[in-house]
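S.K.: Residue numbers (my numbering), protein chains in the order written: chain A, 628 to 751; chain B, 404 to 1114; chain C, 4 to 501.
Hints should not be assumed to be uniformly reliable.
[What the hints assert, rightly or not] What follows is a list of derived Cβ distance ranges for each label pair: (1) B/F476 - A/S718: 27 to 33 angstroms; (2) C/R455 - B/F476: 25 to 31 angstroms; (3) C/V469 - B/L902: 41 to 47 angstroms; (4) C/I422 - A/P705: 56 to 62 angstroms; (5) B/K933 - C/V469: 45 to 51 angstroms; (6) C/Y178 - A/Y631: 26 to 32 angstroms; (7) C/S170 - A/A630: 33 to 39 angstroms; (8) C/V469 - B/M404: 40 to 46 angstroms; (9) C/R418 - B/L996: 51 to 57 angstroms; (10) B/L1093 - A/I714: 45 to 51 angstroms.
[Stated by the list, open to error] Mimicking EDC-like on lysine to aspartate or glutamate, the simulated pairs with C-alpha atoms at most 16 angstroms apart in a straight line are: (11) B/K424 - C/E376; (12) B/K782 - B/E857; (13) C/K307 - B/E1072; (14) C/K42 - C/E139; (15) B/K429 - B/E565; (16) B/K782 - B/E895.
Source of the hints: derived by calculation from the structure; they are not laboratory data.
Ideal Cβ positions, reconstructed from N, Cα and C, are used throughout, including at glycine.
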Amino acid sequence: MKAYVPILIVFIFVLGFAVTNIVLSHLVGKRKNTRAKLIPYECGMDPVGSAHQRFSVKFYLVAMLFILFDIEAVFLLPWAVVFRDLIQKLSRPFVFLEMMVFVAVLLVGYIYVWKKGLFEWNRS
Amino acid sequence: MLKWITLAPLIGALINGLFGKRLNEKVVGLIACLSVGVSAALSFMQFGKLLSLPADQRVITEHFFTWIQVGAFRADFAYLLDPLSGLYILFITGVGLLIHIYATGYMHGDPGYYRFFTYLNLFMFMMLTLVLADNLLLLFVGWEGVGLCSYLLIGYYIKRKEAGDAAKKAFVTNRVGDFSYSIGMFLIFTAFGSISFVAKDGVPSFLTQAASRPVEALWSLGLMGGIALLLFGGATGKSAQIPLFVWLPDAMAGPTPVSALIHAATMVTAGVYLTARCSAIVVKSPTAMTVIAVIGAATAIFAATIGLAQNDIKKVLAYSTVSQLGYMFLACGVGAFIAGIFHVMTHAFFKALLFLGSGSVIHGMHEEQDIRKMGGLRKYMKITFVTMSIGWFAIAGFPLLSGFFSKDEILWKTFTAEALPHGWGKALWAVAFLTAGLTAFYMTRMMWLTFFGEERFGKGHDAHHGHGGHGHDDHHGDHHGDKGHGHGTPHESPLVMTLPLILLAVLSIFGGFVGVPHALGNIIGIHENKIEHFLQPSIAEFHAGEHGAAAAHGAAAESHGAPAVAAEGAAKPAAAPAEAHGDASTELALTGLSVLIGLVGIGLGVLIYSKKPIRHMPSVLENKYYVDELYETTIINPLEETSRHVLWKFVDVKVIDGFVNGVARGVSELANLLRYSQTGLARSYAAVILLGAIAVIGYFVVKIFGIQIGI
Amino acid sequence: MQIENLNLNYGAVAPEIIAAVTGVISMLVDALSPKGARKTNAVISLVGLVLALLAVVRLEPSGSYFGGMVTTDPVRVFFSVIILLVAIIAVLLAGQFLRDEGLPPGEFFTLIMFATTGMLLLASAGDLVTVFLGLEIASITTYVMAGYRRYDVRANESSLKYFLLGSFSTAFMLYGMALTYGATGNTNIAAIRAIIGEGRVEHPALLLIGAAMMLVGFGFKIASAPFHLWTPDVYEGAPTIVTGFMGTGPKAAVFAAFLRVFADGFNVTASPIGAQLQSTWISAVAVIAVLTMTIGNVIAISQKNIKRMLAYSSIAHAGYALVGFVTGDFAPVAFYMLAYSIMSLGAFAVIQLLARAGDQKTEIADYAGIGFETPALSFSLAIFLLSLGGIPPTAGFMSKFFVFKTTWDAAPHYRWLVIAAVVNSIISIYYYLYPIVVMFFRPLAPGFIKPRIATMTTVALILTLVGTFYLGLLPNRLMNALGQGQKAVAIQPRLGDR
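Generate the whole structure from the sequences, applying the supplied hints.
M.R.: Here it is as structure tokens:
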């Protein structure tokens, strides 16, 4: 159980940070209530109306790309953390190149979507 | 060399199949005939080579490649030429060549000319593979192959529904037999570890092994009997025996040369070939022999009675073929395989002749097939008439013609059968004897209505279009006028068609002299039954009490590479003459009787049909009436009624056809029902998957309780 | 698993690496060339596939690499060859398909290559994790390929259904793997085998339920009854060439993994739990096999659409291949899948050509009378159909024969299965003959236009035809090779020895 104490500390810290900020802004900030400000925020979509409307597939593509690079970060971080331990047991170039291969694959994907025009939002 | 016998027609088929559409008719015909000609020439050469060998070593094998070898199972692509297959390839290529030549004339002007010859050549390849195969599996390839070609050729006139239906019927019926064949084959492999006719890898052929088994008791069904009956089941399909004969009469929807080649002379006798080839097994089971003999005799008389009532010239011949095939199986059933094969050969001659003759008549009559609408044709078609008459006398068993010898041999062997239960041989002989009379009678009727008497065509009628009563007239190109005849006037066929008729007529006359029976031979001065002597090495004999001796002989024969049953055959000649002497007088008496019934049949036919049809025909023609008034003679009426209403319309059409159709309909109903499970909704699919998963998991869970309780 | 002795060996995964790299290259080439690169990518893919094939041939005969994640044995080698052959034929056919349909050209090859990577991985998986990885790579790419003709409603439906139901079945698979892991504490197939053999299974119930769930997962992927319902809809809607591809390659690959997990991992009788597990899954597979072939064949009879008919036929063929499973021996299944892949791809290739752009002509009635209009195509189709029906001397006959014979000899308790299979193959002849009858015995249907055949397509057709006859006429060499491989595989004891 003792090993989880740092996690508990981080948890408390994060929670405290969030709560403090909200409370602070609530207390300190000026408030001017308009109609636009009071409707819930929904990532640029109109939150009122039929739920069955179609919206552009581009949102999903961007979201997927975001998740991909998110995963890259999630994968890179622990790798960096255990790198020193790993090179004791496995050869250094192996440990390094394996991750570089992964990054290169992502890079290829990036070039591909770029060239295919995914980032040109206004393309028909 | 053997492979080129089979490959020549295949090459012909390939050339015609691939380029035939662009070639002109003459070239296509030439290629087809040439390829079969090469095959025939090679067959005769190889046969000569076979004859030059000593009698007990007459075996030529040729190994193409090892086809399958899985564990102990071995099947080669290899050919075996021995007396049995030698005789078969002779008449297959010989008769085949004549029919090919005939067909170049008969099919003249047909839009599918090249397609026809492609199929026909392919058929030759398959048929030759069938008889030359050195094992049961390769034989099965040929067996299926000829079935396929038969199917393609029955359905050759693709625009006509009844041709397609007939093709389907033939195919489906044959599959039933094939199923039996394949089970028989598996059983042979399970029992003997070999499916080859010759020894391979030190494993003696299954025939040799079978020869050393004891003879099973009568009315018991042991392994040998089971195998023999399963193989015979296959043969009933291919050779149109009860209960699988229904497809053959319908198969007449194909072009006439096809009827002659495939559905009379060659393919339908494959069943007899198979039975004779596996005679070593058949003779071990008196039960199987009895069944074969009874079915053969029953088919013979059954088909002959139906033949009495048919008006389509090809249908008469078709039922006659079924009947004659019955004779061949009767011979096999009583152990007289050689007599059966002999009849196969003579039948190939005279039945091909009759079919080709009928084709010539149909051709000359501008696609008319109804014999009631013929008559008096002998004036118009002299060659056809003369040659067909020879066929008629041959099939009726007129003395010294080919059919006489072979039929007589079968009758005699049936009379003296050892394998059957006591007294059955005589009973079957009586059936076969009666059939002989019926055969002579209905053939006379057919010939008389066609060639004699008043001319019942023409007058106010257009022979081609006038009669819608039946749908089996041969389709043909529009070239009728090219000989200068108007519609309605019969004309003799061109030389390419009459020449094969003449050659076949010669064979029908003299073909029988290779197998003159002993008793008769002594009288006319031919002392050796050549065919019997020749075929003996390939055929096993029935010996009621024999046991171990044959095994020793068999093993000795194997070491020479001779086919399985050679040793038994070699032991035979010593015994044969003795038997022949003993009953010579009985045999002669029986021969006299069978000549007599043949003549009575012919005479009665002439007597009846020369009087009545002439007077009544016109009104029948105009009213498109059925034959009721035509056959007033009291002798025929009851017989005919039974034949049409009970045997043909009820047993044949209702019971047997109904059964076959019923099975097919049942399966497709089930299919329709199951089709509704396919709703197209992803959620219901998911639900079914879930149910399936629950079932599988549930089954495993039940098994877990098995562990906890049981172990 | 000790991290020090992972046995890293890139040679052992060379086929997979080559396939993946080729996929990446073709993807880049497609992205960087403005008009798309149909021909270039076809050539690149072919080169890659041939190189991968060479790499497969040069694999060490046996071994276990990357900590047991990848394993080399005859099963892997043989199935890898099947997969690569399927991929090569698919690539050869794709060129004309893409041109005729006017579809974006480059990505199709990329998808084929990635699918191939996944399939190769499935065939080489020595660990449940690798099985899952390969399965997902192969599945996701085929979902996309099924919907490749994206403006076609049928293709969209096909793709979506496949995706939804595929995910559903993946859940079963994954859960089954998890339970197996829970029961044995291991995901390595060889280790699981050893643990079961020694009877060290902590929770036998978990193991059995895990196995049952994996059986469901595999059962879905090979389209066996009652998990087959997706097949006809998906096969009919997908572009014909994709149908041909996914009916053969992925199916063969899943069979490889199925064999390794069940016929190897769960095939131990040394302990009571092992014996229990073995008899349970074999009897379950036997029942599934009969259901599969019967349902496939019977429904195929009433089909009017040739793709749908072949979809049901494909279900039935999975049933025949499953018959070989009860022997616990890979050789008959492997031979069956090879023969089936070749003849089935050939049939789909012809159908693709006859269907024209957008799959307009896929009703059997559309085939009326074309027999002598395009003799090359119709005779080829006839040969493939006869082979599927198991008529000698074709691959279909020989493969059925091999499976049935081996099962008959090796598993005396399951002879009823062989009999059921033989009866089924007789039923199947009916619907295989039907298109042939229509092609050759019916008057020509109106609106028939003789298809053009591209060179690559011709090559593919000739390859499949030669294969069909080669396996039918000279199966000996291959069977001997398989027989030797069979001895090398440590699948003991064979069922017949019990």
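S.K.: Which of the listed hints are broken here?
M.R.: Going through the list in order, the structure violates hints 1, 2, 8, 14, 15 and respects the others.
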